[in-house]
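Engineer: Chains as they are written, first to last, in this note's numbering: chain D, 1 to 408; chain V, 1 to 408.
There may be inaccurate statements among the hints.
Claimed, not checked - Cut-off 20 angstroms, straight-line C-alpha distance, at most; resulting in silico cross-link-like pairs (SDA-like, lysine to any residue):
id: 1; chain 1: D; residue 1: 117; chain 2: V; residue 2: 46
id: 2; chain 1: D; residue 1: 117; chain 2: V; residue 2: 30
id: 3; chain 1: V; residue 1: 43; chain 2: D; residue 2: 141
id: 4; chain 1: D; residue 1: 117; chain 2: V; residue 2: 262
id: 5; chain 1: V; residue 1: 43; chain 2: V; residue 2: 30
id: 6; chain 1: D; residue 1: 43; chain 2: V; residue 2: 152
id: 7; chain 1: V; residue 1: 117; chain 2: V; residue 2: 152
id: 8; chain 1: D; residue 1: 43; chain 2: V; residue 2: 60
id: 9; chain 1: V; residue 1: 117; chain 2: D; residue 2: 141
id: 10; chain 1: D; residue 1: 43; chain 2: V; residue 2: 48
id: 11; chain 1: D; residue 1: 43; chain 2: V; residue 2: 139
id: 12; chain 1: V; residue 1: 43; chain 2: D; residue 2: 46
id: 13; chain 1: D; residue 1: 43; chain 2: V; residue 2: 64
id: 14; chain 1: D; residue 1: 43; chain 2: V; residue 2: 46
id: 15; chain 1: D; residue 1: 117; chain 2: V; residue 2: 137
id: 16; chain 1: D; residue 1: 43; chain 2: D; residue 2: 27
id: 17; chain 1: V; residue 1: 43; chain 2: D; residue 2: 10
id: 18; chain 1: V; residue 1: 117; chain 2: D; residue 2: 262
Quick caveat, the hints were computed from the structure, so don't treat them as lab data.
There are 2 protein chains.
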Amino acid sequence: MSDPIDQARALDAADPLRDYRAWFELPAGVIYLDGNSLGALPKATAERLAQVVHGEWGEGLIRSWNSASWIDLPQRVGGKIAPLIGAGADEVIAADSTSVNLFKLIAAALHMRPGRKVILSEPGNFPTDLYMIAGLEAQGLATRRLAPRDNIADALDEDVALLLLTHVHYKTGEVFDMAALTRAAHEAGALVLWDLSHSAGAIPVDLNGSNADFAVGCGYKYLNGGPGAPAFAHAARRHHDALQQPLTGWMGHAAPFAFSDDYAPAPGIGRLLTGTPPILGLAALEAGVDLIAEIGIDRLAAKSRALSEFFRECLAEHGLELDLASPTDPARRGSQLSFRHPQAYAVCQALIARGVIGDFRDPDILRLGFAPAYVSFADVAEAARHLAEVLENGEWERAEFQERAAVT
Amino acid sequence: MSDPIDQARALDAADPLRDYRAWFELPAGVIYLDGNSLGALPKATAERLAQVVHGEWGEGLIRSWNSASWIDLPQRVGGKIAPLIGAGADEVIAADSTSVNLFKLIAAALHMRPGRKVILSEPGNFPTDLYMIAGLEAQGLATRRLAPRDNIADALDEDVALLLLTHVHYKTGEVFDMAALTRAAHEAGALVLWDLSHSAGAIPVDLNGSNADFAVGCGYKYLNGGPGAPAFAHAARRHHDALQQPLTGWMGHAAPFAFSDDYAPAPGIGRLLTGTPPILGLAALEAGVDLIAEIGIDRLAAKSRALSEFFRECLAEHGLELDLASPTDPARRGSQLSFRHPQAYAVCQALIARGVIGDFRDPDILRLGFAPAYVSFADVAEAARHLAEVLENGEWERAEFQERAAVT
């Protein structure tokens, strides 16, 4: 391989997505490899938010629930996310947080499988997925069962109401075989709920092609919806009529403005709503989703694979042999590379001090995300050089240790 | 009384809060009497949001969870709401929607009163309060009991786990006696949860002086947090250690970044958190709360009473005798006046066509809110004149009917 920087220049020049980088506000002097944790700010989002704040809230006031169609935002944004995850526009809604949506759908699955109480997942799944099962367990309504990912199929039996898995693992980036595991769950009479937090907007997902039942996902990672963006929830159309979830707030009512004392669920996906939709967050999320949809998920996934493979080549060029926690086959991982290192935290801090922002996952994972909408091959080559220097000169030993909250 | 408009000029000139109106962006040609549904936009909020978007998200990216203290926002904003509702700073947290917070606290109360399943409320309470009880009822965990407000005390018995009431009624503005009803509930061995959606930021509330157990409330009305702003949840300090709620998301974990498989609740009010905090919404809410706190709740309540009483005087001056659904004693109502009229919907539409924005509540309520931070006495005099003209010349009969979603 020629000099990585030269190579990167050529790759960037040939990159069909190269112009999209300018659509984002990115800080000078920073190589951002943490879009898997918080996506960067699209310039269009800043403009859209200013319009929502001044025009719709300030000028339109309460009238904007109708005139600016605020009331339709959960369905509209959900409908735009749908094609990114292989779902119909009427099968996805943007609402609440991933955690709250997990609760709704786990509870809905329990209701649809009377006599079965087990929610099956894997140890090491993203914590909030496991904790939301625990919440229903503490209510006496569910039993949590965890099986290692290689034994998931064996753990499916007639007690399992729901298989809850994260499609792309947050630590390693490994991708579950959605179609195969969905089939296995269905054969055991269970439903399946896929957490797409690290998938949506990063790699193609085919919920309907896999015959999936339910899904949730995060708005602030590859969908670039902003910090703490609303999440999304999916339910296959065939389940809509039977869908009963316990967070029966007024926005999920069939006629919220009739103000009746008794709850009646809205038809369709709308019954997954609970409280008043968060308009600022939804407007930002819509702008982010619009951008991802315009670029196209296949092109994004292709570039993501190219970026991460190029990073590994650069590491090899620098003579670095790191312990890759992610699958070596790019088709089997999401848009990230994770490396095990006994001093992963310090290495991450040393990189951040150099302006290369990745993140650390307890206890020993250095996680680098390659958000293809705005990360360039030059970024990748530079990041590899920085990492090589940090490791070679022991810089990480001098890195400042500090407690760090990092929202995955 | 002299000419209402002259009178209004004198009242505005003497109003100690008159300068705060300029702190808000208000559209020209509009008299806004719907701040009880969506508070107006504080200019400081627009500035703060621009800073959060460009500076903290765009420039700071993931680092802002620490450097901009995003991670502390739920507690910080909750701590600022606390003095407005008579609670300690460590007893309130900003999170999720009012509906979702209701679910958490109703479930927590059921957990604290084993053997009791009844949640007592009143018919005609704001629907989402009743619907969230219904959600737990559908889970088999609760039994909903409704008693008319004059018979609440009689309906308290040894089966009641929780009394759930809205402090200021959304339709009539009538205020419950918080201290007396809390005492009655406690005497029956029940806990009490107050919905402060139409109280917080409008009238003084004394949760701790009333010995209340729990409260929730809305961020987008008198707290001016913006459309669909995050809500707040309160739990008295004495209950924190026993507090167990089912929406056990990772942000309510004692150590969220340890990523352990098992849930352990955070100490204190933090265990009411579920998912990742919505930063845009929380930042806007903080700016709104800051403004209300600066003006001061006692001054706001005093002006609110003066505004609504002046409105009634203006109506009398116009010879209008309307059917007041709100208490005549301003100390017994929130910051609104509601009138019953068989054509309330059409009258409301005709007022809106004239630029006077109030709202309609099914089936026959015209509701006018007097948000004292930015409504002037001149607004009130003009609104009364418009209402008189609409009613006198039958203008409402020609008002355009249209379905209207109006988020209370």
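Engineer: Does each hint hold? Answer for all of them.
Structural biologist: Right, here's what the structure says about each hint:
1. D:117 with V:46: This hinted pair is violated, its Cα atoms lying about 48 angstroms apart.
2. D:117 with V:30: violated (56 angstroms)
3. V:43 with D:141: Answer violated: residue 43 of chain V to residue 141 of chain D is near 47 angstroms, above 20 angstroms.
4. D:117 with V:262: Holds: residue 117 of chain D and residue 262 of chain V sit about 19 angstroms apart, inside 20 angstroms.
5. V:43 with V:30: holds (17 angstroms)
6. D:43 with V:152: Violated, because 54 angstroms separates the two Cα atoms, which is more than 20 angstroms.
7. V:117 with V:152: Within the cut-off at roughly 17 angstroms; holds.
8. D:43 with V:60: Roughly 15 angstroms separates the two Cα atoms, so the pair holds.
9. V:117 with D:141: Roughly 16 angstroms between the alpha carbons, so the hint for residue 117 of chain V and residue 141 of chain D holds.
10. D:43 with V:48: holds (17 angstroms)
11. D:43 with V:139: violated (44 angstroms)
12. V:43 with D:46: At roughly 17 angstroms apart (the allowed maximum being 20 angstroms), residue 46 of chain D and residue 43 of chain V satisfy the hint.
13. D:43 with V:64: holds (18 angstroms)
14. D:43 with V:46: holds (17 angstroms)
15. D:117 with V:137: holds (18 angstroms)
16. D:43 with D:27: Roughly 12 angstroms between the alpha carbons, so the hint for residue 43 of chain D and residue 27 of chain D holds.
17. V:43 with D:10: violated (48 angstroms)
18. V:117 with D:262: holds (19 angstroms)
Checked against the numbered hints above, the structure violates hints 1, 2, 3, 6, 11 and 17; every other hint is satisfied.
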